[in-house]
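Asker: These are the residues of each chain, in order.
There are 4 protein chains.
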Amino acid sequence: MSPAEEMFAADASAAMLGIELLEVGAGRAIVAMTVRDDMLNGHGTCHGGPIFSLADTAFAVACNSHGPITVAAAASVDFLNPAAFDDRLTATATEKFRRGRTGLYDVIVSNDAGEPIAHFRGRSHTVARSTDAST
Amino acid sequence: MSPAEEMFAADASAAMLGIELLEVGAGRAIVAMTVRDDMLNGHGTCHGGPIFSLADTAFAVACNSHGPITVAAAASVDFLNPAAFDDRLTATATEKFRRGRTGLYDVIVSNDAGEPIAHFRGRSHTVARSTDAST
Amino acid sequence: MSPAEEMFAADASAAMLGIELLEVGAGRAIVAMTVRDDMLNGHGTCHGGPIFSLADTAFAVACNSHGPITVAAAASVDFLNPAAFDDRLTATATEKFRRGRTGLYDVIVSNDAGEPIAHFRGRSHTVARSTDAST
Amino acid sequence: MSPAEEMFAADASAAMLGIELLEVGAGRAIVAMTVRDDMLNGHGTCHGGPIFSLADTAFAVACNSHGPITVAAAASVDFLNPAAFDDRLTATATEKFRRGRTGLYDVIVSNDAGEPIAHFRGRSHTVARSTDAST
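Residue numbers (my numbering), protein chains in the order written: chain B, 1 to 135; chain Y, 136 to 270; chain X, 271 to 405; chain S, 406 to 540.
Because the hints were derived from the structure by calculation, they are not lab data.
One should not assume that every hint holds.
Not close to chain S: a few residues of chain X, all C-beta gaps over 10 Å, as computed [stated by the list, open to error]:
#  : residue
1  : Ala296
2  : Gly297
3  : Ala302
4  : Gly337
5  : Arg358
6  : Thr362
7  : Thr364
8  : Phe367
9  : Gly370
10 : Ser380
11 : Asn381
12 : Asp382
13 : Ala383
Here chain Y is said to cover these stretches of chain S; the calculated rule only asks that three of the stretch's residues, wherever they fall, bring their Cβ under 8 Å from a Cβ of chain Y [said to hold, decoys possible]:
#  : segment
14 : 497-504
15 : 517-527
Remember, it's a predicted structure, so these values are computed and weren't measured experimentally.
Ideal Cβ positions, reconstructed from N, Cα and C, are used throughout, including at glycine.
Pulled out of the complex, with its shape left as it was, chain B reads as follows (with noise of 0.2 Å):
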């Protein structure tokens, strides 16, 4: 196993969620997980908690591919439509940059139909300086 999915097995919160890892790769991931029933929030829709919790998880596989523990330092998310209880989501996380310390990925939320659920964007900040770092 790589780094990051030694990183993902040890996701106690992940693995809560149900969350699965479909693939990782430099400055990448997929993730993937089911609505349940305990998920969803006073409205009968998925609460935008677990839907934050899916992306996050992206990020953070897709931000340690490098090797050097990496944490999230800030993060946005626009919700663009609701998720619906037995919606299989897929998390989509895309590396923008990679400087020093700092990293920006980008995380796309989507439905089984194709439907955008979430547009996430993460800032990352690597705590183990790597070699090569200068910020």
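Following the hints, position chains Y, X and S against chain B.
Answerer: Just chains Y, X and S now, with coordinates in the frame of chain B:
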């Protein structure tokens, strides 16, 4: 129970995370959660997802405190300090702006030592238009 | 001239910064600007304000390309590399989502060497409701 | 002059917009600007760019008030009310968090009637490490 309290009582996702509603008022809410071992990430600290969920729940209660059904349109979060296993986290949501269908809410997540864990900002959208809404 | 081009032609703020419209299409726009000495900050690099203005202008043209009057509701920007005096900056806006009155646009600002200067994300709100708008 | 005041005095971009520094203190700043006709957009209201610039300038002064050279890493802005020609806008920046090289600042832009125009949140990065910085 007020509409916001009813909505919270029906929030299965908040219940799954053990989130408690401590206070609710017009445009504001305080909720709390204790970090469980199934909320930890692969680095052994609290995953960003449950922290976001806690803040998002405070935001949801606050923005639904006025009555009409209101959902999150967008949110951003800055992670400031890690949260550890068994930390008691409190999220305090405050309304900063509301006009027509749009609202802006700031949420501060802190631990028991009073240290800031995250600052969250949420933009709400009222789905069921209130009678005086103009946008 | 299309409505978006007319809007750009009437944009005194863009003119003041010397912003040129290079391309416009349905949901997309490319604009450019050269960093002048009156755009530098106290550290001697380009102030974040003109970089934001450039991205915001591309966003405005793109989100008004469909006709109805549309304004920025919110925006975020990540500054990735500094821009220097006399740098030629290009901002490319792409529509990521649009439904009813809401749109989401990503804008990438680059210099002539192709290095990313900033990633911008804007959320638009259509003021004059289009006939098929439902939110 | 303090280092932040010196930085502001050398800020050609702020000068170009007629931004005045009203107050500066440890981690805080107040600046003001009057909306000119060359700040209007194609819809006849103040362009988001100068509003962002005003908020960003307050942020820059506040985050440089501690001495070491500090730059904006990221910022987000929510536009709440339009600003019109000749409106006098004030931006008040407050430090919310600072540790090591990272800071978080909230800026509120208001008009003379006390109406909120925009809420801005900036994340700063200290380039020249201060002696007690640990991240």
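Asker: Identify every previously stated hint that the structure contradicts and give their numbers, smallest first.
Answerer: none
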